[in-house]
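Peer 1: Chain by chain, the residues run as shown.
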Amino acid sequence: MNPDAPKPTDLQNGPEPVAERRTVPAWLILLFGLLIYWGSVFLAENAGGFARDVYRPYHSSDDVASANPQDPEAKRRALGRQVFEKTCIACHQATGLGKEGTAPPLVGSEWVLAPGGDRIARIVLNGLTGPINVKGQDWNLTMLAWRDTFSDDEIAAVLTYVRSSWGNNAGPIKPELVKAARAEKHQGNETSEELLKISVQ
Amino acid sequence: MNSGPTIFLGLFATMACSWTGFVLAPQLQLGGLAQTNTVVVGDALSQTYPLAQPGEASAGAEVYRANGCASCHTQMVRPGNLGSDLQRGWGLRRSLAEDYLFEPRVLLGSQRVGPDLANFARRSDLKAVLMRLYNPRLIIHDSLMPPHRFLFETRKIGFFPSTNALVLPDKDAPPDGYEVVPRPEARALAAYLLSLRQDGYLFESPPPQSLWPKTNAVPKKAAAK
Amino acid sequence: MSAMVFPAPKPAPAPPPWQQPGAKDSCPAGILMLLAGAALWLLAASLCGLAVSLKFHAPGFLASEGYLTYGRLRAAQNAAFLYGFGVPSAVGLGLWFFCRLGRATVAGPVVVAIGATLWHGAVALGVAAILCGKTTGFDYFEMPVWCARVLMLAFLLLGVCALLTFHQRDPGPLYPSQWFVVGSLFWFPWIFSTAVLVLLVVPERGALQALTAWWYAYNFDNVFLGFTGLASAFYFIPKLIGRPLHSHYLAALAFWTLALFGSCGGIPNGAPLPSWIISLAVVGTVLTAVPLLAVAANFYQTVYKDLNAMDADPALRFTYVGLIFWLIAGAQQIAGALPQVSALTDFTWFGAAQKELFHYGFFALTVFGALYYIVPRLLGLENSAWRPKLLKIHFYSSFLGVLICYVALLVTGLEQGILLASPGNSFTDVLRRTMFPLRMSTLGDLLVAGGACIFLLNLAGVLSKACCRCRAERKERA
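Taken in sequence, the protein lines are chains F, R and W. Position one of the first sequence corresponds to residue 1 (our numbering), numbered consecutively onward. Position one of the second sequence corresponds to residue 1 (our numbering), numbered consecutively onward. Position one of the third sequence corresponds to residue 1 (our numbering), numbered consecutively onward.
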């Protein structure tokens, strides 16, 4: 022990401590800056955009959405609805019930609800003329061909939509089916007799 | 830094940052959480989630709280990348804020002296729970969990033995003519523990791809004619 | 030589009024009640901790009635430590620092005494209620709602007196200890009232309750207790080695960064909350490295030129060892917040070890270091009133106790975490394999309780000396 050092009691009863005014060392400021940078990067990666539905280990709402079961039919149905409401609604009506003298109903129609979509795909692609029996009622009107207006995807979409709306409960139609029907290059409109020869299983 | 008001203002601002970030903002974002639907898995239908806690389970939650069970048990399953909880079979999926929606007092705990209880109902039944509460060493011979005999009553057998009397091995068995019966607190606590399950996948914690439904098309048989 | 060590002599200021013989205008009774009561609560908490630790050897120990079952005793230990020892010592120390550094007398001494009585009474009733099953179930916030309301009222009384004492200070520059005390006394009512409102009075929905409870616990430890301990370290270390504090600005940096980052954190990485909340907590905790290093650099520069001086004053050991424990506990907290580490260590004894080190290592030791200086001066005596042998035994007992407990729990936690990481190890197996270090911690708890006991013996000695002196003075005057 240093003999000149003040005794503990002198210090205990001595003056109050003072703080000298020395600057903060540069390395600490640098470290602070680096940690702030690290923190921002960490938050950018892991904070999930401050969204409510992003939990670890997902990094963004998109991640979570894509990790959920995808519903491709939902997209097709949405497109189909768009197409329907642009064009078909004029004759077949918004309710799908059709109108006397304009268009037969789609709701509960055995043509629409048949297991396979081969017949209705050809109706939309090539149009229809002549007598047709829908739900026990005879209709004799003309429907235009839409093969030059809509693509295979769009036609498949609108068929899917019609088959799953207003209480209809039949499966979706794939664009490949429409493409195969289009490849037949049918001339003129379809007729009921021709269609009834095609299988819909 | 010599003026009192400056220090107060600075402290106020700092506290406000922390309070806003951890108390206010989460409340604004999660305070309005409501029941939601589970994600469809396989052939199952989507269900409402979560369901309200049954009455006896609420009473049991009070017993859980009063006996400090949360000091040894947690009630949250961690995601797969932050521990082996899921691989250990402690849950179907990680826990989410939605899971605790209807619990009046949320006791997540902060330490696992004993295993996690978030999905306890999936791996136990009434008799096992009551035995474990009475004397955990009957199930695991060197368990550290304290016995909760005070939740049970040793009483004289009446005309017939009680149906919910515990079946105990000889060294723990009560004297002849007596039976050990769970008190209402024990039954409530057991009901609570057996209500702990976090079923159903939610949007925030979706099912693995192997469980996704194969197609959304209605099966052919169901198509209306 | 001595000129280098001893700063340039300033005219010694007149001792505060209560140190003058026969002074009666400043009643130190209030502060004394806070501090002596706190010491008693520390003994109670340590004994609870010892009983809890013994249950790991024999779970049936004290388990026949519900009152002393592990869950309730653990909650009671926590409540006794935090609200019986933690808050009163923080307030008592705070009041004393305000008086000393501001050269003022306690404002409203009777109110302080009333507040102290109310506080200790409420804590006693609260702890009894906890043992009867009325705990809230939240860690760090076990007091039932009616008790919490009384505590809030008592703190308001004490806080207002402290504020007025601060206001009555001599004009001049503020010393860092004063900022830290202002900070801690400001923080507590805010976090406590938020917790009471949001957890008990109008409970939040679902997992938000857990979030607020974790936030409260983190703030209570890092800001409220941390600020108090640091105030003590900043005051006593420079003073009792006779050197000025190295840098005012480093202290200011530590103050503000600890206030900001020490209040953002405490959420476990696996919590059932959106990832933004958890990420903010991680970033906040990691950034507490800045105040940690600022304090470490500041004190290192203050003392390194004359390390021997640190051992000259026997009571100073408590303060600087406490500070070192704060640095270690802080570093561990930062490590435990990182996602990769927390995947292993969350919910294991790792966190419990850190809290043990922080509470009994940092906070208790720093408070003792302060008490050894403050208590005699409240009674008009000097440090010599303490019995040096008891002081030494107390130090080694507490120091070794904390060290053993900490290392034992740390080893248990790390082993538990590493073993649990493989799902092949069943939970029971892991428990069996970590039983030995866990049980070793009982020795540490025993030593800590012993230390608290010895302190109380020493305190009793000092109080009786003061009584004798008082009686002798009265006889003289009569």
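Treat the hints as calculated values from the structure; they're not laboratory data. Keep in mind that the hints are not guaranteed to be accurate.
[Stated by the list, open to error] Far from chain R, some chain F residues (derived; all Cβ distances over 10 Å):
1) 8
2) 49
3) 53
4) 57
5) 82
[Stated by the list, open to error] Derived pair list, reagent style SDA-like, types lysine to any residue, alpha-carbon separation capped at 25 Å:
6) 75(F) to 176(F)
7) 171(R) to 57(W)
8) 389(W) to 459(W)
9) 389(W) to 174(F)
10) 75(F) to 203(R)
11) 75(F) to 72(R)
12) 134(W) to 47(W)
13) 127(R) to 65(W)
14) 305(W) to 286(W)
15) 134(W) to 213(R)
16) 7(F) to 23(F)
17) 99(F) to 137(F)
18) 75(F) to 213(R)
19) 174(F) to 171(R)
20) 127(R) to 427(W)
21) 305(W) to 24(F)
22) 174(F) to 137(F)
23) 7(F) to 149(W)
24) 392(W) to 462(W)
Here a beta-carbon is modelled for each residue, glycine too, at the ideal position from N, C-alpha and C.
Peer 1: It remains to establish, for every hint, whether it holds in the given structure.
Peer 2: To see whether the hints hold, each was checked on the structure:
no. : hint             : verdict
1   : 8                : 30 Å, holds
2   : 49               : 12 Å, holds
3   : 53               : 5 Å, violated
4   : 57               : 5 Å, violated
5   : 82               : 19 Å, holds
6   : 75(F) to 176(F)  : 17 Å, holds
7   : 171(R) to 57(W)  : 21 Å, holds
8   : 389(W) to 459(W) : 13 Å, holds
9   : 389(W) to 174(F) : 92 Å, violated
10  : 75(F) to 203(R)  : 18 Å, holds
11  : 75(F) to 72(R)   : 49 Å, violated
12  : 134(W) to 47(W)  : 21 Å, holds
13  : 127(R) to 65(W)  : 22 Å, holds
14  : 305(W) to 286(W) : 31 Å, violated
15  : 134(W) to 213(R) : 48 Å, violated
16  : 7(F) to 23(F)    : 31 Å, violated
17  : 99(F) to 137(F)  : 12 Å, holds
18  : 75(F) to 213(R)  : 16 Å, holds
19  : 174(F) to 171(R) : 71 Å, violated
20  : 127(R) to 427(W) : 21 Å, holds
21  : 305(W) to 24(F)  : 19 Å, holds
22  : 174(F) to 137(F) : 29 Å, violated
23  : 7(F) to 149(W)   : 48 Å, violated
24  : 392(W) to 462(W) : 16 Å, holds
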